[in-house]
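*Asks:* Sequences and hints are given; from them, build the entire structure.
Protein chains in written order, with our numbering: chain W, 1 to 366; chain B, 1 to 423.
Some clues are possibly wrong.
Derived CB-CB ranges, DEER-like [claimed, not checked]:
{"hint": "1", "chain 1": "W", "residue 1": "E102", "chain 2": "B", "residue 2": "F48", "range": "44 to 50 angstroms"}
{"hint": "2", "chain 1": "B", "residue 1": "I275", "chain 2": "W", "residue 2": "R111", "range": "45 to 51 angstroms"}
{"hint": "3", "chain 1": "W", "residue 1": "T203", "chain 2": "B", "residue 2": "F335", "range": "35 to 41 angstroms"}
{"hint": "4", "chain 1": "B", "residue 1": "L277", "chain 2": "W", "residue 2": "D21", "range": "41 to 47 angstroms"}
Examples of chain W residues lying across from chain B (beta carbon under 8 angstroms, computed) [unchecked claim]:
{"hint": "5", "residue": "A58"}
{"hint": "6", "residue": "F60"}
{"hint": "7", "residue": "H81"}
{"hint": "8", "residue": "I85"}
{"hint": "9", "residue": "F89"}
{"hint": "10", "residue": "N91"}
{"hint": "11", "residue": "A93"}
{"hint": "12", "residue": "F95"}
{"hint": "13", "residue": "P96"}
{"hint": "14", "residue": "P139"}
{"hint": "15", "residue": "S140"}
{"hint": "16", "residue": "F158"}
Don't read these hints as lab results, they were simulated from the structure. Note that the structure is a prediction, hence the values are computed from the model and not measured. Glycine included, C-beta positions come from ideal geometry on N, C-alpha and C.
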Amino acid sequence: MADASNVDAFVEFERVQKSYDGENLVVKDLNLTMPKGEFLTMLGPSGSGKTTCLMMLAGFETATHGDIRLDGTSINNIPPHKRGIGMVFQNYALFPHMTIAENLSFPLEVRKMGKSEREEKVKRALDMVEMGAFGGRRPSQLSGGQQQRIALARALVFEPELVLMDEPLGALDKQLREKMQFEITHLAHRLGITVVYVTHDQTEALTMSDRVAVFDDGRIQQIAPPDQLYESPENSFVAQFIGENNTLEGTVKEINNGIALVQLDDGELIDCKPVNVSRPGERTRVSIRPERVEYNKDRLQEGVHTLKAEVLEFIYMGDIFRTRLRVAGNDEFIIKTRNAPDQVRLQPGQQIEIGWLPEDCRALDA
Amino acid sequence: MSDISQSGPVLAADGTPLKRSLSRALRMQKMRALLLIAPLLLFILLTFILPVADMLYRSVDNRIVQDVLPRTVQALESWDPASNQLPEEAAFAALAADLKEAAEAKTHTKVAKRLNYENPGIASVFRKSGRKVKKWDIDADGPFRERLIELNKGWGDVELWKTIKTYSGIRTTGYFLNAVDMQLGADGAEMRPENERIYNTMLIRTMRMSLIITFSCILLGYPVAWLLANLPSSKANLLMILVLLPFWTSLLVRTSAWKILLQQQGVINDTLVWIGLVDDTNRLVLINNELGTIIAMTHILLPFMILPMYSVMQTINPTYMRAAKSMGATDWTAFWRVYFPQSVPGIGAGSILVFILAVGYYITPALVGGTKGTFISNLIAYHISTSGNWGLGAALGAILLAVVLVLYWVYDKIVGIDNVKLG
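*Replies:* Here it is in structure tokens:
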């Protein structure tokens, strides 16, 4: 992973650690390699170290230990203004005393670019985010979404190869956020820039990124493309953090042919895919996605273990049904079913049997 | 909908015009609000606005001459001062009558004092004559021209009569002319002789030194305000206490402390001599001059500069600087192009506050300024409390007020008062 000779690597973190107070590590042993042109999202709860990583890459925080490389050169001792990295901030940080055009012109001015060239680039950048008519306005005269576009244009106007975004859509309403998610990804791919994107919104991470790095407790818990992350979480933190998830606890009885037999705490047996367990007797947390649970007996595979469940609540949500069950003593077991014409609507109090494919049920760390 | 679009005033549901019923509804509220501020309003009116208005009026008030010498003023109406001849007997007779009456009422010294401001020496003529004239019989003892000149040859001076005539109106520009080193001559206003000019010099000195003090405060205060706004709160609180500490000490004590520090046998000079930077026979003159006033007042007014700057800087998000640096700006460019322009409203607020306070400062220049470092306010105080020339003091005060208002207006035109933030 952290091989300096890796020719594809554009951004590299090698054994990076960060501590603010000399007592606690905010970032513990971070290793990360990004190829050029990748859209990578750092996802995690607040305090997980993702923003600190971004700030170290931008140069506003220094790594306590380890090496950060950009295009093969170590940038640990390069001040932020010489790194040539574009950045979009959470509050946009548009300079309130300058017009939009002056804001965009600023990075070009400090690069001593000629006036005509500056004007042309500013115009092109404004057109790129469809804000061509707003050059003469002040940031305070724009709406949140418009300010967001300007912040993006300003980070791109000096044509950096790497752009960092720190929760740039956090302040927008849901609809605008979804629209901007598409615009940012399209723009990034069209321009071929490398993007490191920080967010705590998992939907945003899944829809926008080539790869997602899930942060917790100062470490990357898993780094994978969105579909892998969702379908094959490598530990129970990732399973819990990404999407909705049902958890049952138990002990591994035996592992045969890549299938683990787990005895749940109330004595029932289920088949799972062993991910973080290797030998019988280990404690495990079993994770199943709500939409992978099947209760229609006809569709269940022959011979798999099934569990008894009691329907507690049925919620009609339009495109899907959401049903809360009591399974093996867990009252918060959720299943989601598509609103199809032949779908059975469960009634509270009903006793059913549920099952799933063994590979959808992952035995993770306890 | 159509009945709303009709012409004429909009009507409320009961048919009265909407505006009237709205104002009726708000009247109670307004009355209650007025009642709440009434005590303060009354207090300010009685203790501040009325005295200020009275003082401003005093700067043009000249009723005393008319009140005390009514007959003389009337008799002099037909006299042409340009002729350089003494007035007719009638004027002398009128003066004798006025003077007798005034001496009995003991008001002749007041008018003497008033006229003495304009023509030094008049007071003694009035005072000495008053005692004698009191015994005269106005109807029988004429003619008075020779008798008066015999009594005091001051009455034979045409200049004295010119002064009475010039200052016989109930309003005068005399105090204001005096306050800008001018006087009323034969051909209207003219500059006083070079060696009698003092007030313009004082006014210009006051302005110049206040500007120097304001700039010193900006230079010294800006970094402190920046630190206050950017340090972690525990350290910033400590620094804030240090900034506010002077506020908790009496102004007089602080100024006296500067006296001890700055005098020639004081702490600073002793230290410099001890280090060897300054020769013992050649000690620095740090007090009783402009430098002393500037040092002491900069120190005293510094918190008034730091606090508004701090409150503005606190609102400047640190990500602006980061954004500027991420775009390739050096630390200096980021500061100068991005941080500084946003802190200007704080500098403006602090500067207005410090400048206006400095222009009217009294105690500190009086104690450490000597003769070279005093302000116009010291002269005003002198005229109010020592010389008793309230009219001149009031005129100087009015000019000071006007200058401050003009500067305020200029500032509004250049920077904009809307840009001033005190918090």
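*Asks:* What hint numbers does the structure not satisfy?
*Replies:* 14 and 15
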